[in-house]
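Engineer: Sequence:
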Amino acid sequence: MAITWNDSVPIYRQLRERVVAMILDGALNEGDPLPSVRQVAADFQINPLTVSKAYQELVDDQLVEKRRGLGMFVTDGARDALLKSERERFLREEWPALYARLQRLGLDLKTLLREAPKDTENQP
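Just so we're aligned: 14 in my numbering is position 12 of the sequence shown, and the numbers increase by one with no gaps anywhere.
Any given hint could be a false lead.
Said to hold, decoys possible - Per label pair, the in silico range of CB-to-CB distance:
| no. | residue 1 | residue 2 | range |
| --- | --- | --- | --- |
| 1 | Arg89 | Val61 | 17 to 27 Å |
| 2 | Lys120 | Ala23 | 16 to 26 Å |
| 3 | Asn31 | Arg70 | 36 to 46 Å |
Said to hold, decoys possible - Derived BS3-like pairs: lysine-lysine, alpha-carbon spacing no greater than 25 Å straight-line:
| no. | residue 1 | residue 2 |
| --- | --- | --- |
| 4 | Lys86 | Lys68 |
| 5 | Lys68 | Lys112 |
| 6 | Lys68 | Lys55 |
It is worth saying that the hints were derived from the structure and are not from the lab.
Quick caveat, the model's predicted, so the values are computed rather than measured.
C-beta atoms are modelled at their ideal positions from N, C-alpha and C, and glycine is treated no differently.
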């Protein structure tokens, strides 16, 4: 299991975002256990304190919960909460620049949909 870290972002933040993506993608569901701190640290050859910091942020955001003696588990409602917050963040932080670029390039919704890559897995 290889991963390439981005030097401009702290590793614990990247690890947190990786877990968030796994929850959003359905790789981790509500009630599922997260891999242990030791296992993640060994798999990615990083300090266990780095993993603990990433996991603690997830606890602070109420996306995962600690169960004494059992580990960390995805909380009920975590995916819905993430969808809401990630959508809000996208619209606030990413959409304005993307929209401005689309306007500069003269691209409209019809063109974008026609030219979009065909992803059969996510088609309705």
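Engineer: Now tell me, hint by hint, if it's right for this structure.
Structural biologist: So, going through the hints one by one against the coordinates:
1. Arg89 - Val61: 17 to 27 Å: holds (22 Å)
2. Lys120 - Ala23: 16 to 26 Å: Given range 16 to 26 Å: holds, Cβ gap about 22 Å.
3. Asn31 - Arg70: 36 to 46 Å: violated (22 Å)
4. Lys86 - Lys68: Since the Cα atoms of lysine 86 and lysine 68 sit roughly 23 Å apart, the hinted pair holds (cutoff 25 Å).
5. Lys68 - Lys112: Given pair lysine 68, lysine 112 is violated - Cα atoms ~47 Å apart, limit 25 Å.
6. Lys68 - Lys55: holds (13 Å)
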